[in-house]
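K.L.:
Spelled out, the chains give:
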Amino acid sequence: MSAPAVLAAATIPDAVTFALAAVICVVGALGVVLMRNPVHSALALVMTLFGVAVLFVEQDAQFLAAVQVIVYTGAIVVLFLFVIMLLGVDRRERVLADTFRGQRVVALVLGLMVLAEVVLLARTRWTTGAHSVAGPLDGPGSNVAKLGRSIFTTYLIPFEVTSALLVVAVVGAVVLARRPGLGEPSGEAPDEADGASPVGPGASGPGAEAADAEAADAAGAGTAESTAGAGAAAGAGAAVTR
Amino acid sequence: MIGSAHLAGVVGARLVAASGITIPHIDYTAILPELILLGGMLLLLAAAALSPRPLPTEAYATATVGLATASLVTSLVLWRDVTDRGPLTTVAHSIDVDGFALFFLVTISCILVVAPMLGAGYLRRERISGPEYYVLALISGSGAMFMASANDLVLVFLGLEILSIPLYVLAGLDHRREASGEAAMKYFVLGAFSSAIFVYGIALTYGATGSTNLAEIGAFLARNVVTSDGVLIGGLGLLLVGFAFKVAAVPFHMWTPDVYQGAPTPATGFMAAMAKAGGFAALLRVFVSTFPSLRSSWQPVVFVLAALTLLVGAVVAVVQSDVKRMLSYSSINHAGFVLLGLQAATARGVAGSLYYVFTYGLVVLGSFAVVSLVGGSGEDRHDLARFRGLGRRQPVIATAFAVLLLAQAGAPFTTGFFAKLYVVEAAAAAHSYLLAAIAMGSAAIAAFFYLRVVFLMFSDAGAAAPAGEGATARAVEAARPAGIEPAGAAGGSWVPEPSGAVATMVAPVTRSAAADARSVSSGVVALDVSGEPPVATSPWILAGLGICVAVTVVFGVWPQPLVEFAHQATLLF
Amino acid sequence: MGSLDSYLPILILFVLALAFAGLSIFASKLLAPKRPTSAKEAPYECGIVPTEGPPQRFPVRFYLIAMIFVIFDIEIIFLFPWAVVYNELGRFGLVEIVVFAAAVFFSFLYLLANGALDWGPVKRIRPVTAAAQRTTSSTVRRVGAGSGEAA
Chain A
631 MSAPAVLAAA TIPDAVTFAL AAVICVVGAL GVVLMRNPVH SALALVMTLF
681 GVAVLFVEQD AQFLAAVQVI VYTGAIVVLF LFVIMLLGVD RRERVLADTF
731 RGQRVVALVL GLMVLAEVVL LARTRWTTGA HSVAGPLDGP GSNVAKLGRS
781 IFTTYLIPFE VTSALLVVAV VGAVVLARRP GLGEPSGEAP DEADGASPVG
831 PGASGPGAEA ADAEAADAAG AGTAESTAGA GAAAGAGAAV TR
Chain B
137 MIGSAHLAGV VGARLVAASG ITIPHIDYTA ILPELILLGG MLLLLAAAAL
187 SPRPLPTEAY ATATVGLATA SLVTSLVLWR DVTDRGPLTT VAHSIDVDGF
237 ALFFLVTISC ILVVAPMLGA GYLRRERISG PEYYVLALIS GSGAMFMASA
287 NDLVLVFLGL EILSIPLYVL AGLDHRREAS GEAAMKYFVL GAFSSAIFVY
337 GIALTYGATG STNLAEIGAF LARNVVTSDG VLIGGLGLLL VGFAFKVAAV
387 PFHMWTPDVY QGAPTPATGF MAAMAKAGGF AALLRVFVST FPSLRSSWQP
437 VVFVLAALTL LVGAVVAVVQ SDVKRMLSYS SINHAGFVLL GLQAATARGV
487 AGSLYYVFTY GLVVLGSFAV VSLVGGSGED RHDLARFRGL GRRQPVIATA
537 FAVLLLAQAG APFTTGFFAK LYVVEAAAAA HSYLLAAIAM GSAAIAAFFY
587 LRVVFLMFSD AGAAAPAGEG ATARAVEAAR PAGIEPAGAA GGSWVPEPSG
637 AVATMVAPVT RSAAADARSV SSGVVALDVS GEPPVATSPW ILAGLGICVA
687 VTVVFGVWPQ PLVEFAHQAT LLF
Chain C
333 MGSLDSYLPI LILFVLALAF AGLSIFASKL LAPKRPTSAK EAPYECGIVP
383 TEGPPQRFPV RFYLIAMIFV IFDIEIIFLF PWAVVYNELG RFGLVEIVVF
433 AAAVFFSFLY LLANGALDWG PVKRIRPVTA AAQRTTSSTV RRVGAGSGEA
483 A
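Going down the list, the sequences are from chains A, B and C. Numbering of the first sequence is given in the numbering used here, commencing with residue 631 and proceeding in unit increments. Numbering of the second sequence is given in the numbering used here, commencing with residue 137 and proceeding in unit increments. Numbering of the third sequence is given in the numbering used here, commencing with residue 333 and proceeding in unit increments.
So that you can see chain A by itself, here it is in the shape it has in the complex:
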């Protein structure tokens, strides 16, 4: 369906909802980038994700909306906040300095290219395949029920295998959150560590903090990814409705 057709089909409340949700999304996204305090950035991210959830509801993708709220605005942002807290809120990063020379110019050019590509794709009629596996969107039954059937029939194995992914996430977090030399996850606050642990190089003072930070970083990112993988499995059927 081309863009004008979509607009014609939309009713007034729909259009208003869409506009509001879109504004929420964009304002939140700008907030993520522009806020000085990383905690505020994370909270702005909640706003964006919530706006996306509203958009999902508008598309009749109720399950994805639920995933968006429960997993992303719930768990993922909480993880972000944890990692920010683990690293220290008051750490200043010099974001405006170019790490690589000419980084910004390249980013601008590439961004424009992507934008042009999106416009181009929107104006092209691509051949797409047969009807989606999970059946048409406007068929009988709710979206969530269809998804449930998909998950427990066609995508049963991916669903069960997702549990292995969760186990990896747990084991990975435990391994990476482990204090060097102690063989156990660190229990002490950083200021108690100095002088208290005679083991291993880097187990005391600032070294330990750096290692902690790194571990938190890695663990945080790792979980986010495995969660995303789980989300992909959950959304496999949902993405089908188009």
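In case anyone wonders, no lab produced these hints; they're calculated from the structure. Note that the coordinates shown come from a computational prediction; the quantities given were computed from them, not determined experimentally. For each residue, glycine too, the CB sits at the ideal point set by N, CA and C. Don't take every hint at face value.
What the hints assert, rightly or not - Covered by chain B, according to a simulated footprint, are these stretches of chain C (three or more residues, beta-carbon under 8 angstroms): (1) 348-356; (2) 406-413.
Said to hold, decoys possible - Beyond 12 angstroms from chain B on every Cβ pair, some chain C residues (computed): (3) 337; (4) 343; (5) 366; (6) 381; (7) 383.
As the list claims (entries may be wrong) - Under 10 angstroms between C-beta atoms, here's a sample of chain A residues computed to sit facing chain C: (8) 669; (9) 743; (10) 789; (11) 792.
Chains B and C: place on chain A using the hints.
P.N.:
Just chains B and C, lined up with the frame of chain A:
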């Protein structure tokens, strides 16, 4: 691919009945190898969690070897069933149990049998306790198995993640070395990025074909001619990028040297063997069996990938003085050889690739195990000088390493020879003469650096070695932090402290200096006895190495069964 | 799309929540008396003078708590579609979800064994000794009644 149209019909009919649910039939025996690994992994976790005091690492190793052996036996039994009754799909056609999958199941099980044997001693030496190494290895193996037998792109993706995320963690298993953490971080960030690209590829492919099921995609493409195939080609390209990253093909290899060098050495070997097995399994199945109609589009791309991978891997490996880093570049070179079979896209080519992946897995595991032994406690040194004279100090280890290196170089009477022969032959048969020539050239370059290590191990320490000068400089650097000031450095005759650790530190310095000064060989031998770093072997690692070497030599002399196996695997696609 | 109608109560709830939060803040600004002293603004308003700043970072072990949260969060998200089609799936669905939950539970066990919920007092390797310069007069802050700031 035979009968895929029929299969698609069945799937369609089942899904149309949307009101009621058709419960998918699950053939538990068909997925038993995966179930054994995952179930065993959970039991290991529970045992670790519930046991009142920490279990020794050997206990976990024994359990892992047992589980892997069970899965190996099951895979072989399934192989017999499949050759008798033909391939089967199960769980709503998302799992294919065919010859191709079973070949990889056997390969992965073999890797899992050997890996714990080679890792246990290292973990004890480096004081890394707990079940994590084994648990992560088992999960990773099951992920690779799912990739090999997946008949659905969603499952391929999940397999990819379950394969890779444990590998990221394994790279960072050693907290005492910063390089390990750096490797984990690097691998993770780039790996997550490539996974995202891969998912995007799946999305585009789904958009273009209307299904994530590989058989249905194949059937759709066989029935329809896609006229404006931009989305499909785009999706295919992104899938290829995702796979190329996992198997470390140039130009997506940037992470490989740093990650392989930083990771704990047994984990490096496991990573190299497992990521390549899983990655190539899915790569071959998706491209050769699902997208044969688009061959003209992807074959040239794979050609460039393979050529670059072969050349860069070999050329950069030559200039490495660190053996661990050299082996990681050589693993890139090997990926190029496997790509040769994909580029040919014939049954012969795929069979060659299968043979290559199987033999490479065991060879690389053994090679990195030797490096972990010689590298010494804390992985302090992996440079070439460390390997000089190993043949005299540790004849068994050195001989094993020599065999494995010769296999990597492609010497006759090892599996490496036939592996290289089959893929190059397949490339030539598919009229990719240029690529075959490039492969031969890169094999010749690669032979140089493998043989250099072999000669170094068995050469007399008095003989001048090419890396002698550099090694001396490095050894001096290594000695400095320990507070040893070289006395009378110009004369090349420093007096080492006689006591324990210091003597160990100084010994290589003295030896290299002596080599430079071309002192009489008797003096060198005397120093040699006084303080070479000890290479601590254990029955575990000897058994593991023994398996690697035995497979390499036995199937090198008598390759027929394995060749037959690989050939049948491609027939039963 | 009529489905949006059913979200109207949620929308109303949001508006009410926002209004309540805004009103509360506004009302407390308007009504509450504000007479700040340095003792009231101290990080720990209990009279003890802190000798060092509060720790800037949380220990990594908090991360394990976050993991437990995420793991069960994702399990719940899979329970949602299962619950919707529970009647159609019957025993088969129950078995599958139990298998899934069991795997998650094993990882939970592992987390517990690694001390994720072990929040007892931290074992100090270095004994805590009172510093000589910290006496009652130096650590207790007295405010008001003309005594001024003790510290």
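K.L.:
Evaluate each hint against the coordinates.
P.N.:
Evaluated hints:
no.	hint	verdict
1	348-356	violated (count 0)
2	406-413	violated (count 0)
3	337	holds (25 angstroms)
4	343	holds (31 angstroms)
5	366	holds (48 angstroms)
6	381	holds (38 angstroms)
7	383	holds (31 angstroms)
8	669	violated (13 angstroms)
9	743	violated (35 angstroms)
10	789	holds (7 angstroms)
11	792	holds (7 angstroms)
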